[in-house]
Each structure stands twice: as C-alpha cells, then as structure tokens.
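Both chains are sitting in their own frames, so use the hints and assemble them into the complex.
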Amino acid sequence: SAVISQKPSRDICQRGTSLTIQCQVDSQVTMMFWYRQQPGQSLTLIATANQGSEATYESGFVIDKFPISRPNLTFSTLTVSNMSPEDSSIYLCSVPGGRVLSNEQFFGPGTRLTVL
Amino acid sequence: SQQGEEDPQALSIQEGENATMNCSYKTSINNLQWYRQNSGRGLVHLILIRSNEREKHSGRLRVTLDTSKKSSSLLITASRAADTASYFCATGNSGNTPLVFGKGTRLSVIA
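Which chain is which? The protein sequence lines are C and B, in order.
Position 10 (the first sequence) corresponds to 51 in the numbering used here; numbering is contiguous.
Position 75 (the second sequence) corresponds to 88 in the numbering used here; numbering is contiguous.
Source of the hints: derived by calculation from the structure; they are not laboratory data.
Glycine included, each C-beta is placed from N, C-alpha and C at the ideal position.
Treat the hints with care, as some may be off.
As the list claims (entries may be wrong) - Derived lysine-lysine pairs resembling DSS-like cross-links, with alpha carbons at most 30 Å apart:
hint	chain 1	residue 1	chain 2	residue 2
1	C	K106	C	K48
2	C	K106	B	K82
3	B	K116	C	K48
Said to hold, decoys possible - Stretch by stretch, here's where chain C covers chain B in the computed footprint (C-beta under 8 Å, at least three residues):
hint	stretch
4	51-62
5	110-124
This is chain B alone, in the form it adopts within the complex (with noise of 0.2 Å):
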C-alpha cells in the first residue's frame, strides 16, 4: 500500500523560481528518497536522505527530513524548463527490499 502523501499534486511555476514539495509517511523508516520521472517513462534516483539525517543537498536539490512529523520536503532551487516532471518520494528499508512510493507532484516549469 501507498505510504506516501505528497502535496501539492501539480505545481507551476516560473523559470528561475524554487519549487517546494511536500511528503509525510505513516510508519517508521530508515531512509526517503526522491525521485524524478519524466512523460511516464522510468524512474530516476535524485537523492537519498537517512532517518538520522535532517538535511541533504545535492547540487540545486535540497532535501530535508523531519522524522517527529514524518514528513520530507524537497526544495529545487533557481528551477528550469528541463526540471518539468514528476517527482515522487519514497520510502524504505536497508537492503535489497521494495520501496512505497507517494502519489507525486506533477512539476510544470515555465519558460
């Protein structure tokens, strides 16, 4: 089952601007992580961020994880037209074990 809530569902917003994305879980975890999907086709891994870890950075990405609310969020900053996708959090555990993944934002950015 979907663990993952995220908010908002779609996003638009200027080129240059920062985008904000929001994903609060339900049960214990010991890591969240983002991913980007463009037009419906794979996935791709963006960042990882561990349960102790409160705030991660990744060239324009920002993550933070607030484990009390159970809630991530991830900050693209000074976003462009080739940042436009889905985004999607999910989360998991050490290992070789599946991930759940949240409902996603839909990111428009606009040129």
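Isolated chain C, as found in the complex (with noise of 0.2 Å):
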C-alpha cells in the first residue's frame, strides 16, 4: 500500500485567487490521479498526471484553470487557479495501487477548498 499525504488539509480562499495543493506519495509511481467532489457528491476526475510530460485532463477541465506539475516519482501539485465559489469542493489525488490485473487506488485525505 502507498501512504499518501496532502497539503494543505483545508482552506478558505478568497474569489480570484489561486490555490496550490500538494501530494506526497511514500513511494515511487509513473502515474498520480487528481479528483475533485462537489458538496454532496462523487468523486470526477480532474486529470491523470505522469511523471515526465503533460498532464491528460478529462473533459470539461483545462490546464489553464487546473494546471499540474508532476517533479519527480513521488510528488504533484494541482492548481485551482482564478477561483470562484463553484470551486469549493474537496481535492483528492490518488495513485494505483500496483497490482498488475488489478487497478484499486490509494487515495489521500483530501484538500477541502472553500472559495468566498
């Protein structure tokens, strides 16, 4: 299993700013998935992200909006950037879990992003 933290836990932020969050995983991965949950809902991904080129977003997101950096195996950062309160949700990113047939995910705790 891969332990995985994020920071920051939560935050509150101002309409127009922007926020970077970042996830440390405890062990090397080509690939780190971003998620995003709206209050009350599940979860969609935001953008898959390999070590070594550019993030590939889901529809409906844009670099632009999300951007991503992906240094090195073991951490990514996701930007919310110019943001507005239909931005509040919790950021979760998550890696594979490993196993060959299988795709389980480990996922960590989560940002919860409150946009005024």
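Printed below as a string of structure tokens:
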C-alpha cells in the first residue's frame, strides 16, 4: 500500500485567487490522479499526471484552470486558478495500487477548499 | 463522466442490522470496486471483484456482481455505528487507469 499526504488539508480562499495543493507519496509511482468532489457529490476525475509528460485532462477541465506539476515520481501539485465559489470542493489525489491485474487506488486525505 | 448509479442515495439502519447498497454501471468493465469515505475525507478501498467473479467476501462485507445486468451490491452484515460513512462503487480496467465512481450511498448506523 501507499501512504499519501496532502497539503493543505483545508483552506478558505477569496474569489479570484489561486491555491496550490500538494500531494506526496511515500513510494515512487508513475501515475497520479487528481479528483474533485463537489459538496454532496461523487468523485470526478480532473486529470492524470504522469512524471515527465504533460498531464491528461478530462472533458470539462483545462490546464489554464487546473495546472498540474509532476516534478518527480513521488510528488505532484494541482493549482486551482482564479477561483470562484463553484470551485469549492474536496480535491483528492490518488495513485494505483501497483498490481498488474487490479487498479485499486490509494487516496490522499483530501484538501477541502472553500471559496468565498 | 460518472458511470455508476447507486441506490439508495441514503440509508439509515439500526446497529446490528444488515445494510445493502446497490450499484449499476453502463459499459463493460474489468473490475468493480467499493470504497468508503468518512466525513468528506480520503477514500479507503474496501473490496474488488473482477468481471469473472460473481461473489466475494471480506470480513463483514459481501459483494456480488452481475455482469449481465451490469450491477453490483455491497452487503454489510451486523452493522456498527462505526460503519457510518459514504460508500462508493467504482469501475475500472487493469493497470494504471483511473476509476469511474458512482454517486454513492450515505449510510447512517444508529446505535
């Protein structure tokens, strides 16, 4: 299993500002995933972050709004840019469990973002 | 896009009762997984069932999968107050692919 930490755990931000969320894994992983969970909703994939290449974004998410960095195999950041109240969500990073025939994932504790 | 639809959306039971949650999905899958989330925190993987399996057990958890109906159920037996959480099904494929999550069921177990 992988141990994942996220910073910050929560934040309250003003409209128009940006917040960078950090995700740290205790082992080297090729892929990391970023999900958004809006209040009372399920998880929606924002993007897949591979080390050494551009992140792959899902429909409805763009790099200008959610730039992602993946500088090494244990770390990634997600920035929520020019925030609006609609960005208030829990943001979670995850990594695959590593077994070839299974894609169970390990999740970080999440970052709870409130935009005023 | 979300693939899974879960019912019920919310379930409230007494401690000691069994809780059953259902999940339906739309496309072909390699596996289906169930996750638990406490109070908006990170998700914890509970159990995975492969597309060629029909039933799987883990402790007080029992998962069934019916690929002909594209549905799965999660049964928690002898529920405890500590089982209070949101439960999500998620579908995936082999390897390093992301998951597609259902809408989730909020379970409340009353002591």
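Structure-based check of all given hints:
1. With a CA separation close to 19 Å, the supplied pair K106/C and K48/C stays within the 30 Å bound.
2. For the hint linking K106/C to K82/B, the alpha-carbon distance of about 39 Å lies beyond 30 Å, and the restraint is violated.
3. Our distance criterion of 30 Å between C-alpha atoms is met by K116/B and K48/C, whose separation comes to about 26 Å.
4. With 7 residues having a beta carbon nearer than 8 Å to a beta carbon of chain C, the stretch 51-62 of chain B meets the requirement of three or more and the stated coverage holds.
5. Counting residues of the stretch 110-124 of chain B whose CB falls under 8 Å from any CB of chain C gives 8; the rule of at least 3 is met.
Hint compliance for this structure: hint 2 alone is broken.
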